[in-house]
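Number of protein chains: 2
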Amino acid sequence: MIGLIRVLTTANAEVLHEHGRLILEMYAVPVKSDCIPEQPLGIYNDETEQLANPKIVALGKHMEQDGCKVLVVSCAADPAVELLRRNVSVPVIGAGSAASYMARMIGKPVGVMGITDTVPAVMLDILGDLFIRYIRPEGVTNTTDLLTPAGREQAIAAAKTLMEQGIEVIVFACTGFSTIGLAGILRKELNIPVIDAVEAEGLIASNLYRQLRGE
Amino acid sequence: MIGLIRVLTTANAEVLHEHGRLILEMYAVPVKSDCIPEQPLGIYNDETEQLANPKIVALGKHMEQDGCKVLVVSCAADPAVELLRRNVSVPVIGAGSAASYMARMIGKPVGVMGITDTVPAVMLDILGDLFIRYIRPEGVTNTTDLLTPAGREQAIAAAKTLMEQGIEVIVFACTGFSTIGLAGILRKELNIPVIDAVEAEGLIASNLYRQLRGE
Chain F
1 MIGLIRVLTT ANAEVLHEHG RLILEMYAVP VKSDCIPEQP LGIYNDETEQ LANPKIVALG
61 KHMEQDGCKV LVVSCAADPA VELLRRNVSV PVIGAGSAAS YMARMIGKPV GVMGITDTVP
121 AVMLDILGDL FIRYIRPEGV TNTTDLLTPA GREQAIAAAK TLMEQGIEVI VFACTGFSTI
181 GLAGILRKEL NIPVIDAVEA EGLIASNLYR QLRGE
Chain Z
1 MIGLIRVLTT ANAEVLHEHG RLILEMYAVP VKSDCIPEQP LGIYNDETEQ LANPKIVALG
61 KHMEQDGCKV LVVSCAADPA VELLRRNVSV PVIGAGSAAS YMARMIGKPV GVMGITDTVP
121 AVMLDILGDL FIRYIRPEGV TNTTDLLTPA GREQAIAAAK TLMEQGIEVI VFACTGFSTI
181 GLAGILRKEL NIPVIDAVEA EGLIASNLYR QLRGE
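Going down the list, the sequences are from chains F and Z. Here the UniProt record's numbering is used: the first residue of the first sequence is 1, the next is one more, and so on. Here the UniProt record's numbering is used: the first residue of the second sequence is 1, the next is one more, and so on.
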């Protein structure tokens, strides 16, 4: 199966499995999710990223030993993705790099949407000259803010602001947007490609999984 | 539907539709294929590429007017892909760039396999530091050569040569390899990811098509 790493600690099974469940529903591949220990707030600065890196590697190595054929680090910042690749022999996919390379396949100007202050470095590096602007929906600091009618309107308004500046593709820099189905809302309202980070990691991971299974 | 451009002129319906048929079978999306006029030998040098470019743009524009939601230039050299993007508003996917970005999502050293003398520039540019070596199976100058048992052995031998040099992903620089099912043979023999150019363009094109259809 696919091993999916959540980079925040949770005992809530629904939260733990939400990305894996989406990938199973979209691509009909088995996903085993697990999370790193002792970081209930996840990764939010350099210090917490340094703290998480060896835990991500340890969990990925364990998942490989457990039989996972493809690993996914399900976070738009791609934490420890390069490091994990040096420690396992199975393919390792990061949400941020998968989404950004998918945008590059389209080759049009990109607007990035997220809820943090800045775009993950890995995404800026990959998007390069296609990157136009980053935006955070007004008043939104948590994905649950987007579940209200007002939050939804703010997300659509933010996407429209990006489009006014010439972007033709939207990329999410937040895996929380996947859980609330924001991509579907924006696609319906605006009729432009929206690259959802969990959809992108799942698209490539499920393709590799099927290959390596001999399907 | 998806509009798929073949960059060689053919009156043979089987040849014309072979990439579209593969994409339909793999991803269950409708594909309309058409080819550029008056180039039965396709693109094989700078002069024939210059000759083909305006024909690709004209065909792509016609396909967009005809209702195609996504266009695919089904050639590993990505001819006229950037030019076509400036002339239509729908997404344009190139086989070479889609396959190369897909390899970058995996992030491991890449070996490229093809039947021409050199790797398309667009693929080298994208693969960058991940590119290790290009190889052409010995004695193979035409994809039909690979349909013989000897040709098949040569392709497997070429892949093994790449792996001995440390590559962990194989990317095809020839869409003819898709038609003969070479990826499946190599995956079975060698158990490493093989990025097939038609599979890669179809993976992204079908995803975008479904998005823009509101699925």
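What the hints contain is simulated information worked out from the structure, not anything from laboratory work. Since we're looking at a predicted model, the values are computed, not measured. Careful: at least some of the hints might be erroneous.
The list treats identical chains as interchangeable, and a pair is accepted whether it falls inside one copy or across any two copies.
[Unchecked claim] Straight-line distance between alpha carbons at most 25 Å, and here's what the computed DMTMM-like set of lysine to aspartate or glutamate pairs gives:
| no. | residue 1 | residue 2 |
| --- | --- | --- |
| 1 | Lys32 | Asp125 |
| 2 | Lys32 | Glu138 |
| 3 | Lys108 | Glu25 |
| 4 | Lys108 | Glu49 |
| 5 | Lys160 | Glu64 |
| 6 | Lys108 | Glu215 |
| 7 | Lys188 | Glu38 |
Within a copy, between copies, both or neither: where do Lys188 and Glu38 come within 25 Å Cα-Cα? neither (39 Å within a copy, 41 Å between copies)
Checking Lys32 and Asp125: alpha-carbon separation at most 25 Å within a copy, between copies, both or neither? neither (30 Å within a copy, 35 Å between copies)
Checking an output row: Lys108 and Glu25, CA cutoff 25 Å. Within, between, both or neither? The answer is neither: 29 Å in one copy and 28 Å across copies each exceed 25 Å.
Reference check for the pair Lys108 and Glu49, CA-CA at most 25 Å: within, between, both, or neither? Result: close only across copies, 23 Å inter versus 31 Å intra.
If the cut is 25 Å between Cα atoms, do Lys32 and Glu138 qualify within a copy, between copies, both or neither? Classified as neither: same-chain Cα gap 35 Å, cross-chain 42 Å, threshold 25 Å.
Within, between, both or neither: how does the pair Lys160, Glu64 come out at a Cα-Cα threshold of 25 Å? Intra 42 Å, inter 24 Å, cutoff 25 Å: inter-copy only.
First find the shortest C-alpha distance between Lys108 and Glu215 inside one copy, then the shortest across copies, and answer within, between, both or neither for a cut-off of 25 Å. between (33 Å within a copy, 22 Å between copies)
Violated hints for the displayed structure, listed by number in ascending order: 1, 2, 3, 7.
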